[in-house]
Amino acid sequence: MPYTNERQTPEKLSEIAGEIRRDIIRSLVVAKSGHSGGPLGSSDIFAALYFGGVMNYDPNNPWMEGRDRFVLSAGHMCPVLYATLANAGFFPRSELLTLRQFGSRLQGHPGRDMHLPGIETSSGSLGQGLSIAVGMAMADKLVDGNTARVYSLTGDGELQEGSIWEAVMSASHFKLDNFCMIVDNNDCQIDGRIGDVMNVYPLKEKFESFNFHTIEVDGHDLAALVEAFEEAKSVKGKPTCIIAKTYMGRGVSFMEDDYKWHGNPPNPAQAEQALADLDA
Amino acid sequence: MTMNFEKYDSKPTRHGFGEGLVELGEKDERIVVLGGDITGSVMTSMFKDKFPDRFFSIGIAEQNATTIATGLALSGKVPFFASYGAFCALRNADQLRISVCYNEANVKIGGGHSGISVGPDGATHQILEDMAFLRALPHMTLVVPCDYVEARKATVAIGEFDGPAYIRFGRSATPVFTRPETPFVLGKAEVFRPGNDVAIIACGPMVWEALVAAEELSREGIEARVINLHTVKPLDVETVVTAARECGAVVTAEEHQILGGMGSAVAQAIVKNAPVPMEFVGVTDTFGGSGDPDHLMEVFGLTSEYIVKSVRKVVKRKAQESSSIQSITQVGELGEGPENYPKPGEKYPMEELQKAEANYPPEGVPEKSLEPVG
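Respectively, the protein sequence lines represent chains A and B.
My numbering runs 36 ahead of the 1-based position in the first sequence.
My numbering runs 944 ahead of the 1-based position in the second sequence.
Don't read these hints as lab results, they were simulated from the structure.
Check before you lean on any hint, since a few could be wrong.
Stated by the list, open to error - Simulated crosslink set (DSS-like; lysine-lysine; CA at most 27 Å straight-line): (1) Lys1312(B) / Lys296(A); (2) Lys971(B) / Lys1132(B); (3) Lys296(A) / Lys269(A); (4) Lys1299(B) / Lys296(A); (5) Lys296(A) / Lys281(A); (6) Lys1287(B) / Lys1312(B); (7) Lys1312(B) / Lys68(A); (8) Lys68(A) / Lys1299(B); (9) Lys274(A) / Lys296(A); (10) Lys1262(B) / Lys1216(B); (11) Lys994(B) / Lys296(A); (12) Lys1287(B) / Lys68(A); (13) Lys296(A) / Lys1287(B).
Said to hold, decoys possible - Some chain B residues flagged as far from chain A (calculated, every beta-carbon gap over 12 Å): (14) Tyr1046; (15) Pro1082; (16) Thr1126; (17) His1239; (18) Ile1272.
Remember, it's a predicted structure, so these values are computed and weren't measured experimentally.
Quick reminder that beta carbons are idealized off the backbone N, C-alpha and C, glycines included.
Modelling step: build the complete structure from the supplied sequences, incorporating the hints.
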């Protein structure tokens, strides 16, 4: 049975995050390609967002008017979004085993042409999702005048794209207090540590200087994550950025905090070890 | 001419690019390389390891990298920037147009993971429109090597002249069928197989497919001239037009949209000088999708099979006048053209998914993906 979007306790959220992580491993091992590190590292964020009573959504009516929306700007991290949506009941979990296959609705990067419930936009060219999310937040707040909220997750390496800061500037300019972005700050990208490839720090000061309400949070503390999302809802007149400090590959011993796991799937033996780690 | 198609090894063209950069770096101290995070994928990591002082990591910022490259070039360096073609041909299009080409800056771009053969990453990463833009840019040189050996030569060649250039290469391993001694001159198309019944003009990995098609056609009594048009711009008009005049029919083949690509360039040269029937093999005005690279090449009609079909059709057109009107993206005869990417639910219908749901999650590690229907 899928989990519902009623607020779960932190203990239950932790259990759901574990199930999301196992689903990520299951889908990646049969896909034989795809990204492990980011999805495992951000599973707690997704558990809090979708099962912490934060977002207003209905898996039986995925395109309902006035819904809250989520945009995965870091499109390559889609295994975690697919696993989350399946656990929320947007589509059967068995479909996770079609990831990246020919004709699957679970494309290697989210493709709106496949009409997968819960996927608001195609994404995968980094930086663009965040601007799309800003446009959605403008439609809700400035045009429709409704109370729907828009969430968008970016990687920290993704912040190197200049268009990110154009999106941030406009979210602030339009005082989009219905807009909440999350930075998955695992400090890893394909080529290495963020500070070695192209330094984006300090983050908090940057977002504050763009007039964002900025919250730093332990991205594996489920109670703190839910609290941060709730705090964001109470902020008026400015958008919120939640900087979630995470570890890439969280929960799988041999992947944790290792940037080499950014873009690789586990092989069957590694998947077995990963599932054992996650069961422990 | 008979080719032994079994005897060739396969290697990705991107390896040729990486080795070419190192060769250039050894010869010319002005060569500098900019990284866009995915240096191991596009093989700029080879240069980074050898010449760390002349490598600069720019991060995931293709527009910035392109304009920084311009600054380096205007200060006397010879910068190469490489990323996936999806992000270093079109995301930075304005930078390429104004900063690089309008300045005639000596900037070289390496577009990796080009075409549909990127495979499971899906449509976002399968660049199929780059050549349409790049060949429209004044001052731009656009080269699409046919194999690993040629990719190395082409990389060195674009590093040795002064002006903007783009080299397009792929991710997958493809047959290595040229030799170090095979002639390669930028801007000069090479006839790889003689023939006078039809000319097949191809670039990139489609040159191999053209050679395979020519062998099959030869068994049907059609002798095809196969031309490796590695330099899409500037176009070797003389070789193209000569082929049209001598063969009387032309088929082009490219791992790119039919609209605006290499075939369009060839068509302009031919229509202007020696109008003959033409057919085009390429992607038919559609996006790609996730899948196995070889399977995608088949589904989207980027194999020798579709070249053969197009040759049969063009040879027929040569012999008789036709009054029918066909879409410019139709490949082969009606009904035998490539398929489109499956619609949602076609391969994995909901009832199949729901049946499978009963056994989810599987015990332990799942062994294979769900079986698609059909």
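List in ascending order the numbers of the hints, as given earlier, that are violated by the structure.
3, 4, 9, 13, 17
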